[in-house]
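Chemist: Hey, can you piece these two chains together into the complex? The hints should help.
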Amino acid sequence: MLTVENIDLYYGAAQALRRVSVAAEPGKITCVLGRNGVGKSSLLRAIVGHQPTRSGRITLDGKDLTPLRAYERAREGVAYVPQGREIFPLLTVRENLETGFARLPASERAISDELFDLFPILKSMLGRRGGDLSGGQQQQLAIARALVTKPRLLVLDEPTEGIQPSIIKDIGRAISYLRHQGKMAILLVEQYFDFARELADSYAVMERGEVVLAGKGAEMVESDVRRYLTV
Amino acid sequence: MDAAMDKPRQITQSLLYLDGVSVSFDGFKALNNLTLDLAHGEMRAIIGPNGAGKTTMMDVITGKTRPDTGEVLFNNGEIDLTRKDEAAIAQLGIGRKFQKPTVFEEHTVEDNILLALDSDRRVRGTLFWRLNGDGDRITQILKTIGLTAHRDRQAGSLSHGQKQWLEIGMLLAQDPKLLLVDEPVAGMTDAESMTTADLLRDIAKDHTVIVVEHDMEFVRRLGVKVTVLHEGSVLAEGTLDEVSANERVVEVYLGR
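Those sequence lines, one after another, are chains F and H.
What the first sequence shows, in this note's numbering, is residues 527 to 757, in sequence order.
What the second sequence shows, in this note's numbering, is residues 98 to 353, in sequence order.
So that you can see chain H by itself, here it is in the shape it has in the complex (with noise of 0.2 Å):
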């Protein structure tokens, strides 16, 4: 246990706070005292243009960019994430989803969810994984994500939709406490990616969730409170309506 977790702060009751966090690249500054707070079983959509400072945001977090200044912190204050390494912050129950599919094309549906388990993976466990329980929670994911009839299927052969969510499924399998999904619709069809708000409204019953999305009509359908990152920095924060109201994001988003 590091010092951090022996003395519990009161600074925060959020599941991640980060507050006055700065990185710089060569004096270019990705994120400018950004402040974000975000409860336990929120959903947030985080938008912004280009270089706004998303992707940093999201390299803080899973400690792949560690902050030149500013705090990060876990699980209402508990765990400073700026000590900790990427795969320390993993173990933490720190899920990411990256733009791109990310499965194993040549193994079926199932094994993909069963490989992402976070159970006992000693020999006899790995062995008879059907008896231990992991059998169910795979149909309880398969279902959560719409795969059921997919099962045996090779994930090579999925559309790039399917793709998407049998890999939001392998998130689900580590049993995050915070899921990072990033532009997860890129590339859908309009109906796959409603779909995909609606299987992220399911997840964040019982999760918490950041999405990162620049479609708009999206993310309307998430009907979540919106963050407009401009600069490194929060611009403007409310309801997706409020921040399409707010001057200064229109400006912005015309590059003014």
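The following block holds chain F by itself, in its conformation from the complex (with noise of 0.2 Å):
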């Protein structure tokens, strides 16, 4: 269980998060919206440790996060799917995923079969160089190579950008599929309302900075949402 209380992010002297508070639970989908530069982003890199929060507290499964350094919430089971994907488009897709054991013991280091289930295209691609693949595909690799360090919370941003609609639906499958498997908690942001509204068991929408809406994803209501997504 992934719980962010009252955080406050900074760029500078520029405040990107006002004490934001989101909670993501195993076995659940929680999507966070909002428009451009409300601070999606800056909240997933707050959770991840790629940016330091001035106050506030993150915590997995009731230990303290917000000391640790990026690599050290990695190891405590922290998945990162950016946006933009940043796979390493030199390495081929097999040396991609490998790079997610570093934070598995010996014993634990292999690519188990469940990830080709979810993306078989990985599987045909394993000695082609990320840069060749597909953006679709770039993206389905950075999803299994975050799940190739087996984590507690996978956190993803816009997974849906730029990408064709029926590799959409493939990420969506392989979503819902992890959450049915309920070993870990999913923190998803996205831009792309009816894939998000689909996905989500909570929702929290953003604007500014701050959180100014949240629920359950089965009671969220377009028309209150829409408010904050459109112009």
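Keep in mind the hints are simulated off the structure, nothing from the lab.
This one's a predicted model, so the numbers in the text were calculated from it and none came from an experiment.
Warning: the hint list may mix true and false statements.
Derived lysine to any residue pairs resembling SDA-like cross-links, with alpha carbons at most 25 Å apart [as the list claims (entries may be wrong)]:
| hint | chain 1 | residue 1 | chain 2 | residue 2 |
| --- | --- | --- | --- | --- |
| 1 | H | K161 | H | K274 |
| 2 | H | K126 | F | E612 |
| 3 | H | K197 | F | S581 |
| 4 | H | K240 | H | F195 |
| 5 | H | K197 | F | Y536 |
| 6 | H | K194 | F | Q541 |
| 7 | F | K676 | F | Y536 |
| 8 | H | K302 | H | E348 |
| 9 | H | K126 | F | G657 |
| 10 | H | K322 | H | D338 |
| 11 | F | K695 | H | D338 |
| 12 | F | K695 | H | V347 |
| 13 | F | K554 | F | Y536 |
| 14 | F | K742 | H | R353 |
| 15 | F | K695 | F | S638 |
| 16 | F | K742 | F | E598 |
| 17 | F | K554 | F | E598 |
| 18 | H | K197 | F | A540 |
| 19 | H | K240 | H | D338 |
| 20 | F | K695 | H | E348 |
| 21 | H | K194 | H | H247 |
| 22 | F | K554 | F | K742 |
| 23 | F | K742 | H | E348 |
| 24 | H | K161 | H | P273 |
| 25 | F | K554 | F | G588 |
| 26 | H | K197 | H | H327 |
| 27 | H | K126 | F | G661 |
| 28 | H | K126 | F | I694 |
| 29 | H | K126 | F | S660 |
| 30 | H | K194 | F | S567 |
| 31 | H | K194 | H | T179 |
| 32 | F | K676 | F | D727 |
| 33 | F | K695 | H | H327 |
| 34 | H | K194 | F | N562 |
| 35 | H | K126 | H | V331 |
| 36 | H | K197 | F | E736 |
| 37 | F | K695 | H | R345 |
Taking beta-carbon pairs under 8 Å as the criterion, some of the chain H residues facing chain F (in silico) [what the hints assert, rightly or not]:
| hint | residue |
| --- | --- |
| 38 | I144 |
| 39 | G148 |
| 40 | E280 |
All C-beta atoms in this analysis are idealised placements derived from N, C-alpha and C, irrespective of residue type, glycine included.
Modeler: Structure (structure tokens):
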């Protein structure tokens, strides 16, 4: 269980997050929605440890992550699929996946078949360089690489951005499957409203660095959320 | 003088006129047949979801990116901006403010404005700047941007909002014909963002301004014509109320 309590984040003198609180339960999908520049990615960067917070607390299953560096948080089971994917273009698909081994003991360093059940395309491309994959394939690789680390928390930043509809469906199915497995909490940042609504067990809407609306996914009222997403 | 200057075009009476501008990067069309018409003295707000082409449009206007096709004309069509480099375009009076404040933190507010002034940079003028009218201009600019009381403060000690205003002041010091302002209120408090809208409205009384921003309350406060970009083209244009009532605009913002 991830809990984020009242975090503040600054870039220089500019405040990007203002007392933001959000929670993500194992076996559930929590969606964070909002327009460009409202602080969604900053929230994720705070959670994974890429950006220091000035106040507030971030815990995973009761353990305080706030003082930990990004690699220490990864060791605690935090996995991150960044916006723009950031796969290693010159490494092969297999090597990209193997970068996720770092936090695992030697006995657990294997790529499970489950991963290829989720993203079959990767199996046929193991020897290809990451940079030669299409955008959608790279997105699947980035998610698979995160899963190799056997996370307790999976954080995804706009996995549908710029991806063709058929692959968006595959990604949606994979995320639902991971929820069903119940091993990890999933925190999903999205601007694609229908995708988020279909997946969300709970949701939070951000505006100007703050959470302005939150609730259960089933109770998400389109007109309320739309107000914050559109012009 | 190049050919475009010798032969005045009758195409447009606008300060800035973009027609059929396309730019692609590796097959991705960042701008796709973009058309934009900006009158002298107008302030325009540009909005649009991620990847709509807002930044590329600014890059084309300022000469950072050269369009594959299309026309970019300045000052009643007199000047073809696609033939100019970045420095020449800045000299023509097109000033750009990027999202992140980039003031000289170690210098005072006054010195920051002084450094930006478009005045005589030879030794005499620089040493005796207080005598040659620069002092008055600085006073005027500081008044416009609301930093009069902070004239002698080190810029690094200003709040985020104040730094943004100072940088807008530095832009004004160059006396530009056209100001391009990229996401000025990101990271500002609500009060600062409303003050910024009022500041830009004030500046727009005697300048032409393009503002790119995502913050809709701010755009509402600007109270100007809005252009919505999507996939490198103009999707809608009108008042904020008109574009927000447009179903296509709503769909695009929902990612559909």
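Chemist: Of all the hints numbered above, which does this structure not satisfy? Sort the numbers upward.
Modeler: Hints 7, 8, 11, 13, 16, 19 not satisfied by this model.
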